[in-house]
Amino acid sequence: MTDPLAGGQEMTTQQVSFGKIGDWIKGTYTSKKLIKNPNKEGMVHLYELKGTLGQFHNVDGKKNPVEPAIEIRPGAFYVVWGGKQAIDDLFSRSKFGDILAIQFKEEIESKTKGNAPFKILRCLTFGRDPE
Numbered sequence: 055m056t057d058p059l060a061g062g063q064e065m066t067t068q069q070v071s072f073g074k075i076g077d078w079i080k081g082t083y084t085s086k087k088l089i090k091n092p093n094k095e096g097m098v099h100l101y102e103l104k105g106t107l108g109q110f111h112n113v114d115g116k117k118n119p120v121e122p123a124i125e126i127r128p129g130a131f132y133v134v135w136g137g138k139q140a141i142d143d144l145f146s147r148s149k150f151g152d153i154l155a156i157q158f159k160e161e162i163e164s165k166t167k168g169n170a171p172f173k174i175l176r177c178l179t180f181g182r183d184p185e
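Per this note's numbering, the sequence shown starts with residue 55, numbered consecutively.
Just so you know, the hints here were simulated from the structure itself, not pulled from any lab data.
Glycine included, every Cβ here is placed at the ideal spot set by N, Cα and C.
Incorrect hints may have been included.
Claimed, not checked - No farther apart than 20 Å at their CA atoms in a straight line, the calculated lysine to any residue pairs in the SDA-like style are these:
(1) 90 with 69
(2) 117 with 163
(3) 149 with 117
As the list claims (entries may be wrong) - Computed beta-carbon distance windows for the label pairs:
(4) 159 with 94: 20 to 28 Å
(5) 137 with 167: 20 to 28 Å
(6) 115 with 55: 42 to 50 Å
(7) 129 with 174: 25 to 33 Å
All chains, please: the whole structure from these sequences, using the hints.
Here you go:
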């Protein structure tokens, strides 16, 4: 008997963590979901991109980047967490099918003692994906 699933391509979605300055992703905006925020009260958006180019670093339990960088695989799907104004603004001004990019540009110290540094993100739009 032949395997009815033979020849299929597995579809997985990976979470993008901008763990190191310079990390970036470029891809086509494909979907958005509103979920319960696991870190605090309220809801947060998850945005999905069909990857084109880029690389990012996962982080360990102490928020340090883990080497090596993860390369964006063209055609694979990636999730970007909302909740940061720059990211939410980019996606709210974009439509499904737009090509977008996000880059971790720099960090600045938090004004609140003991809080993690604030990530400055560069958000770009490239118009519609012809596909």
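Going down the list of hints, with the structure as the test:
no., hint, result
1, 90 with 69, "holds (16 Å)"
2, 117 with 163, "holds (15 Å)"
3, 149 with 117, "violated (32 Å)"
4, 159 with 94: 20 to 28 Å, "holds (25 Å)"
5, 137 with 167: 20 to 28 Å, "holds (22 Å)"
6, 115 with 55: 42 to 50 Å, "holds (46 Å)"
7, 129 with 174: 25 to 33 Å, "holds (29 Å)"
Figure legend: structure checked against the earlier numbered hints; the only hint not met is number 3.
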